[in-house]
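Sequences and hints are given; from them, build the entire structure.
2 protein chains.
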Amino acid sequence: MLYRLNKFIGKSSKTGPAEEPSANAQLLERAGFVFKYASGLYEYLPFGLAVLKKIENIIRKNLNALSCQEVLMTSLQPKGLWRKTGRWDDMAGVMYQFKDHSGKDFGLSMTHEEPITQMAARAINSYKDLPFCAYQIQTKHRDESRAKSGVIRGREFIMKDAYSFHASQEDFEKFYAVMTDIYQNIFKECGLDSLVVEAPGGSFSKVNSHEFQVLSPAGEDKILFCDKCQKAFNRDLFGAEDTPKCLVCGGELIEKVGIEVGNIFQLGTKYSAMLGCEFTDSDGKKQPVIMGCYGIGVSRLLGTIVEVSHDDKGMIWPASVAPAVAQVMVLSEDDGTKKLAEQFLAQAEKSGLALVYDDRDVSAGVKLAEADLLGLPYRVVVSEKNAGQIEIKKRTDTNTKLVDLAEVLAILNVES
Amino acid sequence: MLYRLNKFIGKSSKTGPAEEPSANAQLLERAGFVFKYASGLYEYLPFGLAVLKKIENIIRKNLNALSCQEVLMTSLQPKGLWRKTGRWDDMAGVMYQFKDHSGKDFGLSMTHEEPITQMAARAINSYKDLPFCAYQIQTKHRDESRAKSGVIRGREFIMKDAYSFHASQEDFEKFYAVMTDIYQNIFKECGLDSLVVEAPGGSFSKVNSHEFQVLSPAGEDKILFCDKCQKAFNRDLFGAEDTPKCLVCGGELIEKVGIEVGNIFQLGTKYSAMLGCEFTDSDGKKQPVIMGCYGIGVSRLLGTIVEVSHDDKGMIWPASVAPAVAQVMVLSEDDGTKKLAEQFLAQAEKSGLALVYDDRDVSAGVKLAEADLLGLPYRVVVSEKNAGQIEIKKRTDTNTKLVDLAEVLAILNVES
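For the protein sequence lines, the chains are A and B, in the order given.
Under UniProt numbering, the first residue of the first sequence carries the number 1, and numbering increases by one thereafter.
Under UniProt numbering, the first residue of the second sequence carries the number 1, and numbering increases by one thereafter.
Since the hints were derived computationally from the structure, they do not count as laboratory data.
Just so we're clear, the structure is a prediction, and the values are computed from it rather than from any experiment.
There is no bait here: all hints are sound.
Repeated chains share a single entry, so a pair holds when one copy, or any two copies, can fit it.
Computed cross-link-like contacts, DSS-like style, restricted to lysine-lysine with a CA-CA straight-line distance of at most 27 Å:
no.	residue 1	residue 2
1	104	148
2	11	174
3	270	11
4	11	128
5	285	7
6	99	84
7	385	367
8	285	11
9	256	188
10	350	61
11	99	79
Written as C-alpha cells, this is what we have:
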C-alpha cells in the first residue's frame with residue numbers, strides 16, 4: 001500500500017479542532033487522520049482508518065485464537081427485547097430513541113446483551129452446546145451531552161463487544177481469567193501497558209467487573225493503586241470514604257488517573273433468565289445460561305495511543321498499529337535520485353510494505369515536519385547528497401543512518 | 001480458519017423466516033448465515049459475516065488498484081449540512097430523523113454526498129489537487145415501510161459508496177468509464193454477470209446514471225434490453241410509453257427483471273456549488289468541483305449471489321466469496337480414520353485454508369445434507385471405508401473422487 005500525499009483527501013492542517021485541548025484531538029486532526037464533524041462525531045480519513053483496522057485485526061487475531069466466533073448485530077434496535085429486560089427505560093438517557101414513519105419505536109444500540117442472548121438461545125439446547133463466545137466489531141451510539149477528549153468519548157464510536165455462554169459458574173470463571181490475560185495481550189500489542197482494575201458493575205456482588213486502564217493524565221477515571229499487593233481499584237468502589245485502604249491486603253492506596261480502554265463483566269444469569277436462554281443440564285433440567293461480557297473501545301484505543309505516545313513534534317506510532325511503516329521523501333529532482341527512489345518504492349511495494357510517500361511540491365522542511373507530525377516508525381530520505389545511499393531514521397531516534405537500498409528494505413520488513 | 005459446527009452460534013435450522021419467500025431469505029437463515037431480527041433487520045452469523053468480508057475485500061482490492069482512498073464517515077448526521085442542500089426535507093420519507101436529549105436534530109445517513117463534499121473541500125485548493133476518489137464501506141439505514149426480499153432490501157444494510165472529484169467534465173467522464181468497467185469486474189469476481197443499464201438519475205440530463213443489474217426473477221427492477229445493439233435501459237426512462245424502442249439504435253426491446261447491485265451517478269457541480277467545494281483553475285479562477293458518485297450494495301450482493309446460485313438442496317457459493325473452501329466430515333470413529341482426519345485438518349490449517357468441520361454428534365445423512373445446504377465449493381469426507389484415501393466432491397458435481405491427502409490439499413489450495 002502506497003499512500004501518496006499529493007491529491008490526498010487526508011491532508012494535514014496547521015490547526016486542530018477548537019475547544020478540544022486533548023493531544024489526540026489536536027494531533028489526529030492536524031495530521032489528517034480524523035476530522036471532527038460535530039461534537040462527539042469523528043470522521044476517519046485514510047490514515048485514521050488504517051490504524052483502526054490494525055487495532056481491529058489485533059483484537060480479531062487474539063479472540064480467534066481463543067475460538068471466539070465473530071458475528072455482526074444491528075445498530076437499529078426495535079424496542080421489544082429491550083423492554084423485556086427493562087433497559088428500554090433504563091438506557092433512555094444515553095440511547096438515541098425514536099419512532100419510524102409508521103410509529104414503531106427504535107433505539108440505536110450502545111451494547112448488545114439483549115440481541116446476543118436471543119441469538120445464543122437459538123444455538124443452545126443442552127450443556128453439550130456450551131461454552132462458546134461470540135464477538136462483534138461494530139459502530140455504537142451514545143447520546144453524550146458532554147462529548148469530549150477527541151475520539152476517546154464520542155457519540156458514535158467503534159467497539160468490540162464479546163459475550164460468553166457457560167453451563168457453570170466455574171467454567172465461566174476460568175474463561176473470564178483467560179480473557180483478562182488476552183485483554184492485556186491485546187493492549188500490549190497496541191503498544192499500551194494496561195492496569196487491571198477491580199470495579200463495581202452491577203447488583204449481585206461488590207466487585208463483579210474489571211476495567212483495563214491505561215495511565216494518562218488525559219483520563220477521566222480515578223484509580224486507587226496498592227503498591228504493596230499491586231492491586232488496583234476503581235475509586236467508585238469506596239463511596240465517600242476519605243482514606244480507603246486496599247481491599248485485598250489493607251495497604252495504603254495511591255491515586256492514579258487512567259483512560260478505560262476495556263472492561264469485562266460477570267453477567268451471571270441476568271439476561272439469560274429474562275430472555276429464556278436456557279440449556280438442559282446432564283440431569284435433564286432446564287437452567288439459565290451463565291454469561292460474561294467483554295468490551296474494548298476500538299476508536300478509543302486510537303486516541304489513547306496518541307495520548308501516551310507523542311512528543312512536541314507529533315505522534316509516535318508503535319509499528320503494530322502505524323498506518324504505514326515509513327514516510328518517504330525524495331529531496332532532489334536529478335535523474336539518479338529519482339531512479340533510486342523509484343527502485344525503492346517498487347521493491348517496497350513488491351514486499352508488501354505500507355508506505356507514505358510525500359510527493360507534494362513543498363519544501364524539504366515542510367516534508368520533514370510532516371513526517372514528525374504523522375509519526376510513522378521510520379523516515380526514509382532519498383537525496384542526491386547521499387551518493388546512492390538512502391537515509392533512514394527512526395521516529396524515536398535523533399540520529400539518521402546512511403545505508404544501501406537492500407538494508408533499508410530489510411529494516412522496514414522487520415518492523416512491519 | 002477452522003469453523004467447528006459443534007458449539008457454533010451459527011447453527012442451521014429447518015425453517016426460514018415466515019413471510020419471506022425469497023431464496024436468499026430462506027436459505028441464508030436455514031443455513032445459519034443470517035438471522036432475521038425484525039422486518040428489514042438482519043443479524044450476520046459467522047458464515048454470513050465471512051461472505052460479507054470477502055465481498056468487501058474484492059471491492060477494496062479493485063478500488064485500491066484505481067488509487068481510490070478509503071475513509072469512514074459517521075452514520076449519525078446533524079441536520080446542518082443536509083439543510084444546506086435541501087435534502088433534510090427531501091429525504092424525510094426514508095431517513096430516520098430524530099432529536100437528541102438536548103433537542104438537536106439528527107438523521108441516520110443512507111448516502112454521504114454532503115459530508116464527503118465538505119471533507120473534500122478541505123483537501124482541495126487548486127486544480128493540482130484533482131482528481132481523486134474516496135470511498136467507504138459502511139452501515140446505512142433507510143426507513144423502509146415494506147422491507148422484503150431478505151437481505152436484498154433492508155432497513156439496515158452495508159454499502160460501499162465512493163465519490164470522485166474532478167477539475168473538468170472530460171476528466172470526470174474518463175473516470176466514470178473506468179469505474180463502469182471496474183464495477184463489472186467486481187461483480188464478476190463475486191460470481192455475478194451484470195448488465196449495465198442506462199437510467200435516469202437527476203435533473204440535468206435524461207440519462208445521467210447507470211445501474212448494474214443482475215438478472216433474476218427475484219429482482220424488483222424492469223429492464224428493457226436491445227438485442228440488436230446490446231444496450232439496456234431502465235423501464236422508468238420511457239414514462240408511460242407502450243412499446244418503447246431502443247434509445248440508441250431504435251431496435252425492439254425485450255423486458256427483463258433484475259436486482260440492482262450497484263449504481264453510478266453524474267453529480268456535476270450540484271453538491272460542490274452548494275457546499276463551497278471549489279478549486280482554483282489554471283487561470284486563477286474559482287470553480288466548483290465536478291463530482292461523481294458510485295454505490296454498491298454489499299449486503300445486497302450476498303443475497304443476490306444466493307438468488308442466482310442455489311439448487312433445491314441449498315446454496316452454491318462461488319469460491320471467491322465462500323465462507324470456507326470445503327466442508328469436512330469424519331464418518332467413523334476408528335483410530336486410523338481419526339488420525340487421517342487430524343493430519344488433514346492440521347495441514348490444511350498450516351496452508352491457511354478456511355474449512356468448516358462438521359464435528360457434531362449427528363448422522364452421516366444429516367452431515368451430508370448440511371454440506372449441500374451450506375454450499376461450500378467442496379465436500380471432504382474422511383471415512384474408514386476409503387482405506388487411507390479421502391473422498392472429495394465439488395458442490396456442483398454429482399461424482400465423488402477418492403484421492404490421497406496431498407491431492408486433496410492441492411485441489412483445495414487452487415480454489416481458495
